[in-house]
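Please work from the sequences and hints to get the whole structure.
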Amino acid sequence: MRVLSIGYILREAWRGLTRARISSFAAIGIIAFMLVLLGIVGYIFNLVNCTFAGVSNQLEIIVYLNDNLKAEERKSLKDNITSIEGVKEVVYIPKNEAWKRFKETFKGNKLVLEIIGENPLPDSFEIKLIDRNYINYVSEALRDMPGIKDIDVPLDIANRLNSLIKWVEIGGTLVILVFIGVSLFIISNVIRLSFVSRIRELEIMQLVGATGIFIRGPFILEGVLCGFFGGIIGAMVFNALVYLFNRYILSSFPLFSTATNFNPFTSSLGLVLFGMMVGGIGSAIFLERHLKR
Amino acid sequence: MIEFRNVIKYYGNGVLALEDVSFKVEKGEFVFIVGPTGMGKTTLLKLIYREELPTKGKVIVGGVDITRLRSYQVALLRRRLGIVFQDFRLLPNRTVYENVAFAMEVLGYSKKEIRNRVGRVLDIVGLLHKSNCYPNELSGGEQQRTSIARALVNNPPILIADEPTGNLDIATSWEIMEFLKRINSRGTTIVMATHNKEIVNAMRQRVIGLYNGRIVRDEYNGSYE
Ligand SMILES: Nc1ncnc2c1ncn2[C@@H]1O[C@H](COP(=O)(O)OP(=O)(O)OP(=O)(O)O)[C@@H](O)[C@H]1O
Ligand SMILES: [Mg+2]
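If you read the protein sequences in the order shown, they are chains X and D. The first sequence begins at 1 in the working numbering and counts up one residue at a time. The second sequence begins at 1 in the working numbering and counts up one residue at a time.
Please keep in mind that the hints were generated in silico from the structure rather than gathered at the bench. Glycine included, C-beta positions come from ideal geometry on N, C-alpha and C. Each hint should be verified, as a subset may be incorrect.
Stated by the list, open to error - Among the chain D residues that face chain X by a calculated CB cut under 8 Å, a handful are: (1) Arg78; (2) Ile83; (3) Arg89.
Put into structure tokens, the structure is as follows:
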């Protein structure tokens with residue numbers, strides 16, 4: 001193909017886009033709409049995932065200390081624990097503090113407090129981890145350390161969270177894949193509306209000896225352009241929705257407001273690129289299905 | 001240049017349009033395909049430029065069996081043919097000029113060359129003054145002449161013309177025929193389907209007669225009947 005063809009393809013694509021104005025608008029609108037939905041699905045998926053990940057990274061191992069541990073023994077134990085790989089922070093909770101917290105927790109339940117009576121709680125360390133995957137390793141390392149009476153590892157919760165996160169990931173990916181398939185189907189059908197009247201035109205071009213790129217190029221580029229404009233509109237609407245959601249809804253659910261890694265720039269870029277891809281592929285699918293030979 | 005070997009063509013609806021058709025056209029020949037309406041003339045031409053495929057038999061153009069071409073090879077075949085369609089097949093959203101220029105754009109000619117040649121060929125068919133009209137602003141004869149101009153603009157070695165004078169008055173028909181005679185004498189092979197008795201009789205060229213999808217005569221120096 002000569003250089004001329006690129007200019008030709010651009011010119012023809014633009015001509016097609018502006019000529020069939022109503023159907024182009026329809027295609028752009030539908031693409032924008034699908035992209036907003038896709039963005040929302042992705043956003044919710046990300047939010048849930050981050051929340052779970054955040055919760056699970058807050059899991060702590062609690063180590064109960066022998067009753068008659070001296071201050072320097074405690075100090076060296078703390079240093080040893082801190083030096084274990086994967087430990088982020090070790091906090092000393094004296095028994096009085098623990099008892100205060102316990103009473104706070106069971107404030108409404110006089111009976112429990114009466115039965116227990118005296119403070120039965122030992123001194124303890126709360127061990128925060130870099131992330132939840134270290135939980136087994138760290139608890140293993142703690143096992144043989146001197147001065148420790150008991151270890152409380154939230155393994156059960158950790159495992160359950162782990163599998164929950166895995167399922168959310170699988171489910172989310174599946175939903176998004178299905179969604180992509182459906183949007184490809186819908187978009188290729190919307191593009192059909194705008195292209196079907198021109199199929200005859202394409203056939204005439206073929207009869208005059210136009211080849212694949214010459215015929216398909218402008219149409220595919222037209223689809224890409226529809227996707228581009230749809231993507232820009234969709235990204236703007238999506239970001240506006242996210243802004244409103246964060247501002248008015250998310251703020252009243254403190255559980256969720258733990259840092260999500262949502263980035264408006266990359267997600268907008270992703271939507272626009274995805275729109276262009278879907279527009280191009282939609283056109284190509286249409287041409288493959290409807291163009292003779 | 002063009003050869004049909006025992007070609008049978010059934011359409012999807014069961015119509016038998018061509019039945020055991022065999023003939024050979026040499027380079028530089030001028031051949032009329034004649035016969036009453038519905039006898040298979042257009043079908044025969046469509047097989048040459050591969051708008052239709054034969055149900056059975058072979059169609060050979062330029063030494064190549066065109067029943068087994070890939071799509072880009074079909075495009076290459078059509079670029080070597082000039083085709084005047086019975087129903088014109090003009091692009092509705094392009095002007096006369098753009099329609100003719102399109103056939104050259106496909107081949108990648110430069111803008112300047114396109115301008116020169118399109119102007120010349122539109123002059124030959126007498127449509128220079130309608131360059132900027134769209135097909136729906138043209139009479140039948142003008143559309144036909146646009147279609148002729150498009151077929152000729154690339155100086156194709158083979159010209160396939162399906163009733164190219166069907167919508168023209170006698171004077172214009174003769175102008176077009178004079179022109180076809182001229183490019184034929186310069187070596188262009190021409191296959192032309194027609195109902196026009198006067199033209200066939202006056203030209204004294206090879207005539208292939210079709211009746212009910214069969215070749216009923218094939219005469220050099222022939223006449224319409
Ligand atoms: N696309 C098609 N599908 C089904 N049948 C067709 C098709 N095209 C043509 N036919 C049939 O094939 C037969 C031959 O048609 P064709 O167009 O070749 O005739 P023709 O000789 O060109 O006629 P005319 O002189 O009127 O142009 C006719 O009976 C016609 O009805
Ligand atoms: Mg016909």
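Verification of the supplied hints:
For Arg78 (chain D), the shortest C-beta to C-beta distance to chain X is roughly 4 Å, which falls under 8 Å, so the interface hint holds. A cut of 8 Å between beta carbons decides the hint on Ile83 (chain D): the least distance to chain X is about 7 Å, and the hint holds. For Arg89 (chain D), the shortest C-beta to C-beta distance to chain X is roughly 5 Å, which falls under 8 Å, so the interface hint holds.
Violated hints for the displayed structure: none, as all numbered hints are satisfied.
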